[in-house]
Structures are given as structure tokens and as C-alpha cells.
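**Student:** Residues per chain, in single letters:
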Amino acid sequence: MACTLQEIAAALGGDLLAEGPVRIEKLASLGAAGPHDLSFVAQARAVPQIATTQAAALIVAPAWAEAAGARGPCIVTPDPYLYFARLTQWWRARRDVLEQGKANAEPTGAPPSIHPLASVDPGAHLAPGVRIAAFAVVEAGAQVGAGTQVGAHAVIERHAIVGEDCRIAPRVVVGRDCQLGDRCILHAGVVIGADGFGFAPHEGAWVKIEQLGAVRIGHDVEIGANTCIDRGALEDTVLEDGVKLDNLIQIGHNVHIGRHTAMAGCVGVAGSARIGAHCTVGGGAVVLGHLTLADGVHISAASVVMRSILQPGQYSGVFPIDDNKNWEKNAATLRQLYRLRERIKTLENKTP
Amino acid sequence: MACTLQEIAAALGGDLLAEGPVRIEKLASLGAAGPHDLSFVAQARAVPQIATTQAAALIVAPAWAEAAGARGPCIVTPDPYLYFARLTQWWRARRDVLEQGKANAEPTGAPPSIHPLASVDPGAHLAPGVRIAAFAVVEAGAQVGAGTQVGAHAVIERHAIVGEDCRIAPRVVVGRDCQLGDRCILHAGVVIGADGFGFAPHEGAWVKIEQLGAVRIGHDVEIGANTCIDRGALEDTVLEDGVKLDNLIQIGHNVHIGRHTAMAGCVGVAGSARIGAHCTVGGGAVVLGHLTLADGVHISAASVVMRSILQPGQYSGVFPIDDNKNWEKNAATLRQLYRLRERIKTLENKTP
Amino acid sequence: MACTLQEIAAALGGDLLAEGPVRIEKLASLGAAGPHDLSFVAQARAVPQIATTQAAALIVAPAWAEAAGARGPCIVTPDPYLYFARLTQWWRARRDVLEQGKANAEPTGAPPSIHPLASVDPGAHLAPGVRIAAFAVVEAGAQVGAGTQVGAHAVIERHAIVGEDCRIAPRVVVGRDCQLGDRCILHAGVVIGADGFGFAPHEGAWVKIEQLGAVRIGHDVEIGANTCIDRGALEDTVLEDGVKLDNLIQIGHNVHIGRHTAMAGCVGVAGSARIGAHCTVGGGAVVLGHLTLADGVHISAASVVMRSILQPGQYSGVFPIDDNKNWEKNAATLRQLYRLRERIKTLENKTP
Numbered sequence: 013m014a015c016t017l018q019e020i021a022a023a024l025g026g027d028l029l030a031e032g033p034v035r036i037e038k039l040a041s042l043g044a045a046g047p048h049d050l051s052f053v054a055q056a057r058a059v060p061q062i063a064t065t066q067a068a069a070l071i072v073a074p075a076w077a078e079a080a081g082a083r084g085p086c087i088v089t090p091d092p093y094l095y096f097a098r099l100t101q102w103w104r105a106r107r108d109v110l111e112q113g114k115a116n117a118e119p120t121g122a123p124p125s126i127h128p129l130a131s132v133d134p135g136a137h138l139a140p141g142v143r144i145a146a147f148a149v150v151e152a153g154a155q156v157g158a159g160t161q162v163g164a165h166a167v168i169e170r171h172a173i174v175g176e177d178c179r180i181a182p183r184v185v186v187g188r189d190c191q192l193g194d195r196c197i198l199h200a201g202v203v204i205g206a207d208g209f210g211f212a213p214h215e216g217a218w219v220k221i222e223q224l225g226a227v228r229i230g231h232d233v234e235i236g237a238n239t240c241i242d243r244g245a246l247e248d249t250v251l252e253d254g255v256k257l258d259n260l261i262q263i264g265h266n267v268h269i270g271r272h273t274a275m276a277g278c279v280g281v282a283g284s285a286r287i288g289a290h291c292t293v294g295g296g297a298v299v300l301g302h303l304t305l306a307d308g309v310h311i312s313a314a315s316v317v318m319r320s321i322l323q324p325g326q327y328s329g330v331f332p333i334d335d336n337k338n339w340e341k342n343a344a345t346l347r348q349l350y351r352l353r354e355r356i357k358t359l360e361n362k363t364p
Numbered sequence: 013m014a015c016t017l018q019e020i021a022a023a024l025g026g027d028l029l030a031e032g033p034v035r036i037e038k039l040a041s042l043g044a045a046g047p048h049d050l051s052f053v054a055q056a057r058a059v060p061q062i063a064t065t066q067a068a069a070l071i072v073a074p075a076w077a078e079a080a081g082a083r084g085p086c087i088v089t090p091d092p093y094l095y096f097a098r099l100t101q102w103w104r105a106r107r108d109v110l111e112q113g114k115a116n117a118e119p120t121g122a123p124p125s126i127h128p129l130a131s132v133d134p135g136a137h138l139a140p141g142v143r144i145a146a147f148a149v150v151e152a153g154a155q156v157g158a159g160t161q162v163g164a165h166a167v168i169e170r171h172a173i174v175g176e177d178c179r180i181a182p183r184v185v186v187g188r189d190c191q192l193g194d195r196c197i198l199h200a201g202v203v204i205g206a207d208g209f210g211f212a213p214h215e216g217a218w219v220k221i222e223q224l225g226a227v228r229i230g231h232d233v234e235i236g237a238n239t240c241i242d243r244g245a246l247e248d249t250v251l252e253d254g255v256k257l258d259n260l261i262q263i264g265h266n267v268h269i270g271r272h273t274a275m276a277g278c279v280g281v282a283g284s285a286r287i288g289a290h291c292t293v294g295g296g297a298v299v300l301g302h303l304t305l306a307d308g309v310h311i312s313a314a315s316v317v318m319r320s321i322l323q324p325g326q327y328s329g330v331f332p333i334d335d336n337k338n339w340e341k342n343a344a345t346l347r348q349l350y351r352l353r354e355r356i357k358t359l360e361n362k363t364p
Numbered sequence: 013m014a015c016t017l018q019e020i021a022a023a024l025g026g027d028l029l030a031e032g033p034v035r036i037e038k039l040a041s042l043g044a045a046g047p048h049d050l051s052f053v054a055q056a057r058a059v060p061q062i063a064t065t066q067a068a069a070l071i072v073a074p075a076w077a078e079a080a081g082a083r084g085p086c087i088v089t090p091d092p093y094l095y096f097a098r099l100t101q102w103w104r105a106r107r108d109v110l111e112q113g114k115a116n117a118e119p120t121g122a123p124p125s126i127h128p129l130a131s132v133d134p135g136a137h138l139a140p141g142v143r144i145a146a147f148a149v150v151e152a153g154a155q156v157g158a159g160t161q162v163g164a165h166a167v168i169e170r171h172a173i174v175g176e177d178c179r180i181a182p183r184v185v186v187g188r189d190c191q192l193g194d195r196c197i198l199h200a201g202v203v204i205g206a207d208g209f210g211f212a213p214h215e216g217a218w219v220k221i222e223q224l225g226a227v228r229i230g231h232d233v234e235i236g237a238n239t240c241i242d243r244g245a246l247e248d249t250v251l252e253d254g255v256k257l258d259n260l261i262q263i264g265h266n267v268h269i270g271r272h273t274a275m276a277g278c279v280g281v282a283g284s285a286r287i288g289a290h291c292t293v294g295g296g297a298v299v300l301g302h303l304t305l306a307d308g309v310h311i312s313a314a315s316v317v318m319r320s321i322l323q324p325g326q327y328s329g330v331f332p333i334d335d336n337k338n339w340e341k342n343a344a345t346l347r348q349l350y351r352l353r354e355r356i357k358t359l360e361n362k363t364p
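Protein chains in written order, with this note's numbering: chain A, 13 to 364; chain B, 13 to 364; chain C, 13 to 364.
Incorrect hints may appear among the rest.
Each pair may be met inside one copy or between any two copies, as identical chains are not told apart.
To be verified - Straight-line distance between alpha carbons at most 30 angstroms, and here's what the computed BS3-like set of lysine-lysine pairs gives:
hint, residue 1, residue 2
1, Lys-341, Lys-357
2, Lys-357, Lys-337
3, Lys-38, Lys-220
4, Lys-362, Lys-337
5, Lys-362, Lys-341
Rather than coming from a laboratory, the hints here were simulated on the basis of the structure. If you're wondering where the values come from, they're calculated on a predicted model, not measured in any experiment.
Using the sequences plus the hints, can you model the full thing?
**Tutor:** In C-alpha cells, the structure reads:
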């Protein structure tokens with residue numbers, strides 16, 4: 013996997029400050045980098061590490077080019093974190109080519125490659141370059157776009173549509189009638205299109221509302237391991253382009269998530285919530301059903317959204333952690349808070 | 013899939029107010045319905061939409077029959093939401109028959125249908141009408157009841173018992189010795205009967221307590237995608253008839269959940285909790301171990317139950333969300349709340 | 013499965029107080045035990061049940077030996093809960109031998125047993141005694157240690173290393189390059205090595221940071237159903253020896269968890285958090301990213317760790333649950349708490 017700093021700069025740009033070829037064996041963080049590793053400086057607080065890191069070379073912003081250049085080779089670029097992101101993509105693509113050899117070098121129009129132990133219905137449509145792994149299932153009427161990889165034990169149910177160049181990890185389910193755009197990444201265990209949670213109460217029991225909608229997912233969406241996106245009751249659940257969801261997230265039926273919104277792990281979004289574009293939701297947060305979040309709303313981790321939020325901004329609601337004894341005393345007092353306010357009022361009325 | 017309003021009323025009842033046949037192409041919500049769609053009015057707040065919806069026909073309660081009848085065809089029924097639930101079931105069953113043709117029309121006593129790529133142990137017992145999908149596994153001693161569908165990659169482990177007319181979605185695991193009643197629906201990724209979390213501490217490490225109980229699930233239980241129900245340590249974990257669990261829920265070992273209790277997504281119930289019948293637990297709520305909840309207890313979303321609740325009612329405990337600056341100030345003050353109370357006491361003692 | 017109390021004491025030790033052989037049909041809790049069951053007394057609060065339990069025999073500490081002996085047979089041991097844990101292991105091993113007969117009696121050096129419907133790459137290395145179930149996938153370059161069982165639909169990706177005597181349940185994914193030590197137990201649906209959640213923001217969208225690290229897991233680690241451990245961005249995510257994780261837990265990229273730390277269900281740990289040894293994290297708790305928890309820190313269920321905790325101890329932060337009306341009043345007041353403090357200050361200044 014080793015390469016030179018020169019090859020990287022040739023592929024990804026940036027100003028290269030180096031005398032002679034610099035061998036790079038891997039990418040590493042500043043603290044962990046060894047003498048053959050390439051690292052990057054993305055935040056001001058990391059600047060002191062420029063002097064101490066063992067890295068062979070650094071990716072830095074212009075402001076830190078002098079300091080970085082003084083210690084050794086570097087690539088100067090306006091946004092080192094973005095450069096690093098693209099570098100990881102370049103690195104991975106290169107690794108895949110090295111590993112898979114001809115497989116990736118096949119002409120784009122190659123016929124689909126289906127593992128002999130996969131189960132692909134003759135009524136499914138696979139575009140050129142599709143690869144179907146062992147024990148995957150593609151049902152009748154399903155469509156898989158060019159260049160998409162379908163992992164082991166994945167299930168693409170009837171009439172589902174998967175776009176081009178998607179990575180479907182092992183044991184993902186894409187439910188019947190659901191749609192994915194191009195370049196989506198679904199990690200292991202993702203369930204797209206399980207039934208939304210809908211019941212009519214009747215004589216003390218629950219009568220199932222069959223969920224007749226589907227899930228529509230745009231381009232460039234990434235969905236983390238074991239995350240679930242329920243199908244809509246009548247209309248569809250929708251994730252717009254560029255949405256990024258981490259692991260173990262629950263998206264209820266008929267939720268709508270706007271473009272480029274990102275959510276960290278363990279978030280729960282209840283049915284029919286409408287979340288704007290360019291929002292972020294911190295890990296473990298909960299958004300109740302039928303609420304609206306405007307574009308650009310940022311919810312802190314573990315906060316619970318109980319009302320619509322129509323102005324962009326950062327919102328929080330978490331009980332501060334404390335040592336257990338203090339918490340117990342404060343929590344007990346909190347249960348009388350309303351009465352404390354009354355007592356303050358009384359005092360105010362008595363005090364001239 | 014199109015049908016007429018007349019066919020629906022013939023199948024499901026209700027008072028039909030319509031002159032001549034009304035073609036229905038799909039079911040839709042009031043706001044989304046087009047001129048060939050059937051919609052319903054289940055809540056008073058939706059009544060103003062009766063005048064504006066484009067729907068071909070409406071399902072309404074008697075109180076709104078006049079308004080609905082004035083604009084066009086309708087079905088009048090005492091509980092429109094219940095009617096709608098049954099309509100979705102009728103619609104889905106009709107769709108399945110249309111799609112699968114003869115498969116559903118087979119006589120009830122048809123032999124089990126096993127996909128050639130499934131793995132069914134000769135020592136498993138499959139009742140008539142069972143369908144086993146590709147790559148499913150049914151182990152020795154397992155029993156699957158008449159009419160039950162076992163999805164792709166599902167695993168029915170040894171000595172597990174699955175009742176009649178169940179829908180087991182792709183990659184569900186029903187662990188050894190576990191039991192499901194009739195008409196249960198298990199969505200993709202459900203794990204029934206993983207080990208409960210039990211260890212004895214010993215010299216700073218944890219010694220595993222093998223979990224020797226199982227899981228017993230009643231009739232008409234529905235369990236959402238990637239939800240986990242752990243097996244009991246010695247006795248069984250129990251879900252009674254009609255329990256409905258949403259996605260990504262964790263039910264610890266030896267929990268007992270009473271009839272017709274429903275839980276929304278991401279709930280966690282710790283070991284040996286005993287939850288009554290007809291309870292509801294909102295999304296993301298947590299119930300600690302060894303607690304008792306009476307029948308008819310309703311826990312709000314994201315609330316944490318830290319003590320037994322023996323009276324029916326609605327219970328809540330969530331830090332209210334606020335803009336981040338306000339939250340920070342209030343949260344910081346909260347850490348001194350006990351001392352604030354002391355200060356109020358002091359003031360009260362000083363004030364005549 | 014029946015045995016005698018004498019056989020148990022012979023295998024596991026303890027002082028046996030019994031006249032003649034005592035037949036034991038199963039293990040049971042004190043309250044549920046019938047006249048052929050063995051139970052145990054691990055806590056002082058259970059002592060009154062010694063007089064009332066129907067159990068055939070009891071495992072007790074020396075302090076309760078007299079009371080237990082007065083009612084019937086017992087085994088006396090310093091730590092009955094630990095004894096019980098070992099007894100469950102003995103019981104399970106015995107059950108497996110009875111069920112599987114010769115399979116478990118094979119010599120240690122037996123060749124790997126591969127189900128004919130599994131997919132094992134010729135470039136994978138399986139040690140003696142490995143068992144691979146139906147529809148499992150082991151990719152090129154993967155290694156599986158002696159005596160390890162790989163369940164149905166499990167996927168061991170390329171270059172992954174699984175130690176000896178592990179139990180890999182159905183549909184576990186061990187991602188490429190990830191490592192497991194010996195005697196690990198992974199329950200159904202576990203995902204080891206999905207991508208960490210990393211993106212660089214760029215012009216309102218997110219640019220993926222390919223995750224080039226892996227996951228390294230020590231010996232004797234147990235991981236619950238549907239739990240996810242993400243691979244590191246550059247360096248590895250690490251779980252040290254003896255870590256125990258319950259179901260539906262999310263461990264972000266580059267997290268480090270110290271020896272013998274245990275976490276209950278539904279916990280979320282964000283990226284790069286560093287959690288010490290011998291910690292416990294209660295169910296549903298959230299640990300934010302880049303924090304440090306010292307050894308011996310105990311986080312109560314559903315608490316949110318928003319800052320590093322450098323002293324051992326118990327920490328909590330949960331809004332106390334209350335009936336909904338009280339909660340509403342107190343929560344509304346909480347949003348003005350800072351101003352209440354100001355009002356108290358004002359009163360204090362006015363009061364002599």
C-alpha cells in the first residue's frame with residue numbers, strides 16, 4: 013500500500029513542500045503517526061503537535077505552512093480536513109484495486125457478477141457491473157443500478173429500486189417498493205421498509221394498520237449499521253439527498269428528512285416528524301412525532317424535542333450529570349420546584 | 013389494484029353514501045389524496061379538511077356525515093380510524109392475492125413450501141401451508157404452525173415453536189426453546205432469545221451466568237425491526253397476547269409484559285421488570301430492572317422509570333429542551349438547586 | 013438433564029449437607045422452584061424465602077447454612093452467586109453434550125466441520141475443531157481459531173481474525189481486518205467494524221472520510237444482540253479483555269474500553285471516548301465523544317456524560333419521573349430556574 017507524497021499531491025492537489033520523494037506507508041493521527049506515516053492538522057488546538065509528531069509528512073492550512081515546513085515535508089491546502097477526507101477515499105480505492113486486481117479494472121459495461129450461492133429472481137433487473145455476494149436475495153421486479161455491490165445475506169425485495177454505485181453491506185434489507193438513489197452506502201443490518209408502528213385501538217386491543225407506503229431515499233445517503241427506516245402508512249417516508257445517519261437510529265413512518273441533515277447514533281425520530289435540511293441531531297436524541305424542525309436546527313446529544321422548532325440554532329435539554337449524592341438531592345428538590353417558585357413569590361410579596 | 017367504494021363497503025360494512033360506482037385507486041391521507049383516492053377523517057382537528065381535500069371519497073363518523081356527504085361520496089361508520097385499519101388489511105390481502113396468484117389460493121392443507129436453498133432439518137416439524145424462504149434455517153425439533161411464512165435468512169433454532177399464520181420477516185432469529193403464539197409478526201432483524209445479561213463479579217472480572225430460560229410470546233404480538241427480547245436466566249421472559257413493540261427495543265431477561273401493552277421505538281426495559289397490561293411506553297423511555305408497573309400506566313417518551321408505579325396514569329420525566337444558552341444557565345443552576353432551597357428556607361425564617 | 017446434588021458438588025465443590033442422593037431436575041429461582049429444583053440464596057433480602065421455597069436443595073453462604081440445613085439439603089459455599097454462575101455453565105455444557113453427543117466428544121484435533129451450504133473461501137484459515145454453520149461466509153485471508161463456532165449467516169470478512177473457543181451467533185458480522193481474542197461470545201446481529209461516522213463538511217454537504225482502522229477485541233469479551241462496534245478512522249477501536257456489552261449498544265470509532273468494563277443495553281458511546289477499566293455504564297446512558305472516564309467510574313442508567321470524569325465513583329443525571337401534571341409544572345419552572353436564582357439573590361440583598 014505504500015506510495016509517495018508526490019503521488020498523493022499529483023492525485024489530490026495542494027502545494028507540495030518536499031525535497032525529493034517521501035515514502036508514505038499509511039495515514040495516521042498526529043499522536044499515533046510514525047516516521048513513515050502521513051498526518052494532518054485540521055484544528056488550531058492541534059498546532060502544538062506539529063513540533064512533536066513523528067509523522068513523515070503533514071497536511072496543513074497555509075497559516076501553519078511555515079511551522080510545518082520547518083520540520084519536514086508537507087502539503088498545504090486551504091481545508092486540511094476536507095483534503096484528508098478525500099485522501100482517505102483515494103487510499104481506500106487504491107487498496108481495493110490492489111486487492112481485487114482485475115475485478116475493479118473490468119470495463120464499465122461488464123455483465124453483472126452473481127455469486128453462485130445467491131438467489132436472484134429471473135424477474136429482477138441487474139444493470140452492468142452489479143456484484144451480488146453469496147446468499148444475497150434479489151426478488152422479482154427489483155432493480156439494481158450499474159456498479160452497485162450487494163453484500164452477503166442482503167435482501168432486495170420485490171419492486172425495490174437501488175441506484176448506481178451503491179454499497180449494500182452484508183444483511184441489509186431493502187423492503188418491497190422502497191427506493192435508493194445513487195452512491196448510497198448502507199451498513200450491515202440496516203432495515204429499510206419495515207412496517208411503521210400503526211394501530212387503531214379497539215376494545216382494549218390494537219388493530220394493525222397495514223403500512224402501504226414505502227421509503228424513498230435520495231442520492232449520496234449513508235445509513236449506519238442496524239439503523240431502521242420504516243415504510244410510510246400511506247405516503248412514503250423520505251430521506252433527501254446527502255442525508256447521513258449513524259448506527260442504531262430509528263426513523264418512524266412518514267418522517268421527512270431534508271438534504272444533508274446528519275444524525276449521530278441511537279437517535280429516535282417518531283412518525284411524521286418533518287426535519288429540515290442541514291440539521292444535525294446529536295447521539296441519543298429523541299424527536300417526537302408530527303413535529304417540524306426548520307432548516308439549520310442543531311439538537312444536542314440526548315436532548316428530547318417535544319415541540320416544533322422553527323428557528324435555526326442550537327437546542328439542548330439534558331439533566332447535568334453529577335456525583336450521585338448531589339444528583340439525588342437536586343433531583344428530589346426538582347420535584348418540588350414549582351412549590352419553591354411559589355415560596356419565592358410569597359417572600360417577594362412580603363419583602364418591601 | 014383499483015376497486016370501487018361499493019366493493020369496500022360490501023367487504024367492511026358502514027353506511028355507503030354514493031350515487032353510482034366510485035373508482036378507488038389507492039388509500040391516501042386527506043392532504044395528499046388525489047381525485048381517485050379514498051381518505052378518512054379520524055380526528056376533530058381534521059374536519060376542516062373535509063371541505064378542501066381532493067379525495068374521491070371519505071370515511072367519516074356520523075357527526076361529520078352531512079359535511080362529507082355534501083362534497084361527495086362517503087362511508088359513514090362509528091369509528092373511522094378502526095375502519096381505516098381494517099381497510100388497510102383488506103387492501104394488503106387483496107394486493108397479495110393479485111401478486112401471488114395461485115400461491116394464496118392453495119387449499120389450506122397444502123404441504124409446506126420450502127425454497128430449495130433453505131436448510132430445514134429433517135427433525136423439524138412444518139405444518140401445512142408453511143412457506144420457508146431462501147437461506148432460512150429451521151433446526152431439529154423446531155415446530156412451525158400452519159400458514160406461517162418464514163423469511164429469507166430467518167433462523168428457527170432447535171426446539172423453538174412458532175404458531176400459526178405468523179409472518180417472520182427476513183433474518184429474524186427465534187432462539188432455541190423459545191415460543192411464539194399465533195398471528196405474530198416479527199420484522200427484519202428481530203432477535204428472540206439472545207442471552208440475558210447476567211454475570212457474577214469475581215476478583216474484578218465477570219463470570220458468565222448461562223441463561224437457561226427461554227422466551228414465551230403470546231398470540232397477536234408484533235415486534236419491530238432489530239428489536240431484541242432476551243431469554244430468561246432460569247425462568248422465561250414473557251410477552252402476553254397482543255403486545256406491540258416498535259423497532260430497536262431492548263427487553264431484558266425475565267421481563268414480563270402484560271396483554272396489549274405497546275412500546276414505541278428505542279425503549280429499554282431492564283431485567284425482571286414487570287409491566288402490566290394495557291400500558292404504553294413512549295419512544296426512548298427506559299424502565300429499570302426489578303420494577304413493577306401497574307396495568308394502565310402510560311410512560312411519556314424518553315422518561316426514565318426509576319421506581320415502581322402502582323397507580324394507572326400518565327407519567328413523565330424529561331428535561332425541557334431550550335435554546336442552548338438558556339439551557340446552559342438553567343442546567344448550571346440545577347446543580348445548585350438543593351442549596352437554593354436552603355437559601356429560600358433561610359429567607360423564610362428571617363421574614364416575618 | 014436430571015442429575016444429583018452429589019454430582020454437582022463433586023464437579024463444583026462446596027460443602028454438601030445432604031442425607032442420601034438428591035435428584036435435581038432443573039435450576040430455578042427461590043420463588044419459582046419446585047420440589048425437584050435447585051435454587052440459591054445470594055442476597056440477605058432473600059433469606060426469609062429459605063423457609064418458604066419449595067426447592068429440593070439450596071446453595072447458601074455459611075451464615076445461612078443452619079437455616080438452610082434445617083429445611084433440607086444444601087451446598088454451602090462462600091459466594092453462592094458465583095457458585096450459581098459456575099453451575100449454569102456446568103449445566104449448559106452438560107446439556108450440549110447430551111444433545112450433540114459425539115460432536116462434542118471429538119478429539120481436539122478434529123478437522124474443521126463446514127456445513128455444505130456455507131461459503132468458506134479457500135484462502136481462509138480454519139483451525140481444528142472449528143464449526144461453520146449453514147450459510148455462513150468466511151472470506152479470503154480470514155482466520156478462525158480452534159474450537160470456535162460460527163453461526164448461520166455469520167460473515168467473517170477478509171483478513172479478520174477470530175480467536176479460539178469463541179461462540180459467534182447467527183448473523184454476526186466481523187468486518188475486514190477486525191480481531192477477536194479467545195473465548196469471546198457475540199450474539200445475533202452484532203456488527204463489528206462497520207464504518208465510523210466521519211465526514212468533512214464542504215459547501216453544505218458531507219464528504220465521507222473512509223474509515224481505514226479496524227476493531228481490536230480482547231479475550232473473554234461478550235457482546236449482546238444487534239450491538240455495533242465501529243471501526244476506527246485511522247487507528248483501531250479497542251475493547252480490552254473481559255469487557256461485557258449488552259444488546260443494542262453503539263460504540264463509535266476509536267473508542268477505547270478498559271478491562272472488565274460492563275455496559276447495559278442501549279448505551280451509546282461517541283467517537284474517541286476513552287473509558288477506563290472496571291467501569292459500569294447503566295442502560296440507555298450516553299457518553300459523548302473525546303471524553304475520558306477514569307477506572308472505576310459507574311454511570312447510572314440513562315445518564316448523559318458530557319464532561320470527562322477523572323475520579324472513581326457513582327455518577328447520575330436523570331430527570332425524576334413524576335405524574336404528568338407535576339412534571340409539567342416543574343419542567344415549566346425549570347426553564348426559568350436561572351431567573352429564580354436571581355430573584356433569590358435579590359431577596360437576600362433586601363433581607364437583613
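**Student:** Please flag the earlier hints that this structure goes against, numbers listed from lowest up.
**Tutor:** none
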